[in-house]
Amino acid sequence: MSRASGLIVLLATVVAWTIVPTPDTERGFIPIKAMEAPLQGMVAEETSTVSVPIIENQFISDTTDKYVHAASVTELQDGRLLAVWVSGTREGAGDVVIAGANYNPNSQLWEDNFNLVTLASARADLGRFTRKLGNPVVTTLPNGRIMLFYVSVSIGGWAGSSINVTYSDDQGMSWSRSQKIITSPLFNISTLVKGNPILFADGSIGLPVYHEFIGKFGELLHIDNEGRLLEKIRLNYGKHSLQPVIIPRKSDEATVLMRHAVKKGEGRVLLTQIDNAGNVWEPVRKTDIPNPNSAVTGIRIDDGSILAVVNDLDVYRHRLSLYRSTDEGENWTKLHSFDASHEADPEPGAGECSKGHHRSCVNPLGLPIFEPSYFAKLLESDFLASAGEKRVHLLDDYLTKIDKRHCKKYWCRFKYDYPYIIRSSDGNFHLLYSWNKSFIKHVSFNQAWLETLI
Amino acid sequence: MYCVVASTAILLAAVIYLPAVKTLALHWRWAIAIAVAIIVNIPIQGLAITGYLRGAIGDPSVTSTIIVFSLIAAHLANKPFIDKSCIHLLCLSIGAVAILFYPMALGATSVDPYWLGYQPQVLIVATLIYSFGAIIVGHYPIALIMTGVLIVYSLRLLESQNYWDYFMDPIIAGYGVFHLLKHAFRLSIHRAKKPHECDEKTTVHSNPKAPIKHFN
Chain L
1 MSRASGLIVL
11 LATVVAWTIV
21 PTPDTERGFI
31 PIKAMEAPLQ
41 GMVAEETSTV
51 SVPIIENQFI
61 SDTTDKYVHA
71 ASVTELQDGR
81 LLAVWVSGTR
91 EGAGDVVIAG
101 ANYNPNSQLW
111 EDNFNLVTLA
121 SARADLGRFT
131 RKLGNPVVTT
141 LPNGRIMLFY
151 VSVSIGGWAG
161 SSINVTYSDD
171 QGMSWSRSQK
181 IITSPLFNIS
191 TLVKGNPILF
201 ADGSIGLPVY
211 HEFIGKFGEL
221 LHIDNEGRLL
231 EKIRLNYGKH
241 SLQPVIIPRK
251 SDEATVLMRH
261 AVKKGEGRVL
271 LTQIDNAGNV
281 WEPVRKTDIP
291 NPNSAVTGIR
301 IDDGSILAVV
311 NDLDVYRHRL
321 SLYRSTDEGE
331 NWTKLHSFDA
341 SHEADPEPGA
351 GECSKGHHRS
361 CVNPLGLPIF
371 EPSYFAKLLE
381 SDFLASAGEK
391 RVHLLDDYLT
401 KIDKRHCKKY
411 WCRFKYDYPY
421 IIRSSDGNFH
431 LLYSWNKSFI
441 KHVSFNQAWL
451 ETLI
Chain A
1001 MYCVVASTAI
1011 LLAAVIYLPA
1021 VKTLALHWRW
1031 AIAIAVAIIV
1041 NIPIQGLAIT
1051 GYLRGAIGDP
1061 SVTSTIIVFS
1071 LIAAHLANKP
1081 FIDKSCIHLL
1091 CLSIGAVAIL
1101 FYPMALGATS
1111 VDPYWLGYQP
1121 QVLIVATLIY
1131 SFGAIIVGHY
1141 PIALIMTGVL
1151 IVYSLRLLES
1161 QNYWDYFMDP
1171 IIAGYGVFHL
1181 LKHAFRLSIH
1191 RAKKPHECDE
1201 KTTVHSNPKA
1211 PIKHFN
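In order, the protein sequences belong to chains L and A. Mapping of the first sequence onto the working numbering: position 221 corresponds to residue 221, and the numbering continues sequentially without gaps. Plus 1000 on top of the position in the second sequence (first one is 1) and you've got the working numbering.
Rather than coming from a laboratory, the hints here were simulated on the basis of the structure. Take the hints with a grain of salt, since some may be wrong.
Partial list, derived from the structure: chain A residues whose beta carbon lies under 7 Å from chain L [stated by the list, open to error]: (1) LEU1047; (2) GLY1051; (3) GLY1055; (4) ILE1057; (5) GLY1058; (6) ALA1105; (7) SER1110; (8) TYR1114; (9) TYR1140; (10) ALA1143; (11) GLU1159; (12) PRO1170.
This structure is a prediction, so every number in the text was calculated from the model and none was measured. Where is the CB? At the ideal position from N, CA and C, for every residue including glycine.
Same shape as in the complex, but just chain L (with noise of 0.2 Å):
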């Protein structure tokens, strides 16, 4: 008995180590400019022609009275956008879907928006009991395949999260069956995303993730083209980092930019360099940019300098700014505010907020904040100013829908948060974000734009 016990352990160990993946250790990050243009060829040939600046924006979805959030886009290899956000009537319910849209880079004008996955087709696709929907992430390998990865949550809140992916082989137009990414060792739960992934010269993909359950820290997933998990390397541990940007510099090198989760007034964007294997090899630590526990993004320009968009405050989410380092992350220099809160009157801080005597004030953690009526005028200035010709008439519907996305009690507030950056293949660099978590917003600039910041 003892014989063959020990005949048949060893022969299953045998097969299971013949079968066992070896990683590639020559993986390499593709460089970022190949990286998002994936077919097209190189950005600097295109981008050398341009000479106008030219600063756009645009609203993508076309709904009023839902709650947007969380933008990621990719550019496919015909040349259009595909943009994805989710959508319902709030955070975390029932009825949040992965919404989509294309834009068409001929007129220059996204396209009507559609639902790429519900809570039931998760649901059918997973065969397992699925409760909401969180952030996606698309983006497109070279061989012209889209990927989506998403969030669900089973049981719990969003600590109770897990990823997902499916893909489409014919730009957008059909996808697979959602698969599970199996991340965690309890119950799989606790990973989300929210960072550009990255492309590895072997063909493979690096998410960059986190973890917010016990912990909260930053972690990247080596992914194959199926979507099969090969290897997980954790960024760092603890308790204040998340949502890890990679930002690659040479083949085996990058710089990482993540949100600092502390307690308000403290938090400033975190940074850190790895190699291509994912090991850190600088440990985490502050920049001097202030951030509000709020998403950050980040991408490598022409002359090798970072771009990050960030929310630049100590507080809330009312100022979005682009940022540029020529040190990987070291020192940074504000070029632009692309939305900020109006200045609240009569003067900023004085005196308490209480309804009826200002129609805006300065609250004590010196946000902003709108009486409902003042703020409904402010607003609809903001929103001419940003919806773009496309959904422009969705205005008098959309002022009549000022709700809790937007005030609490008696006070309204702006917000503009979770940016999210590429560049596409025609050398121009394409932000997306939430506006007042009514809309997700699209700004598209050129290089020449950017040189008159720099």
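With chain L's structure known, arrange chain A on it following the hints.
Okay, now just chain A, sitting in the frame of chain L:
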């Protein structure tokens, strides 16, 4: 397929080990087992009961599934297939690993042992050594369960690509940790009592003329 079988087994075990069912005649137990296996897989609003269980706990490990199957088989055939002491020892072993593994894997340290499960050569060798150890002490079923783990991992029948998920899951780990702590608690109680007994003996020896008490 694995997930459906494993989830069905867990629900089946939960039902047939209910006190009311446990004491029924063998043919009734079989009838209930078949009925439960069917019912838990009937989709209700697009999702079967096994799908709800899967949403809550994911895919059970191969170790758990084999143990649950052995418990079900023991109950439906009226004879144990795997000796209880083997199951107990296996659970304690998993519990011992889990005490360090889960806190580290969830971010208590910079080292993530879960990472080992993606290129699990080390874990496979550890499984082999553990299996041979079990064979040496006569616990053959443990070696066979480990063989099951290795085979299912080779076939990648779980959603997970990580060897740890084939070897253990939080339920069997929790069971193991609970019994490990119970043993540790008993041991500490036992040790705490010992010095007291020694004191009594010392007292008796120090006073040899003391009258001997007889208990009736």
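Going through the numbered hints above, which ones does this structure break? Give me the numbers in ascending order. Nothing - there is no hint that the structure violates, so all of them hold.
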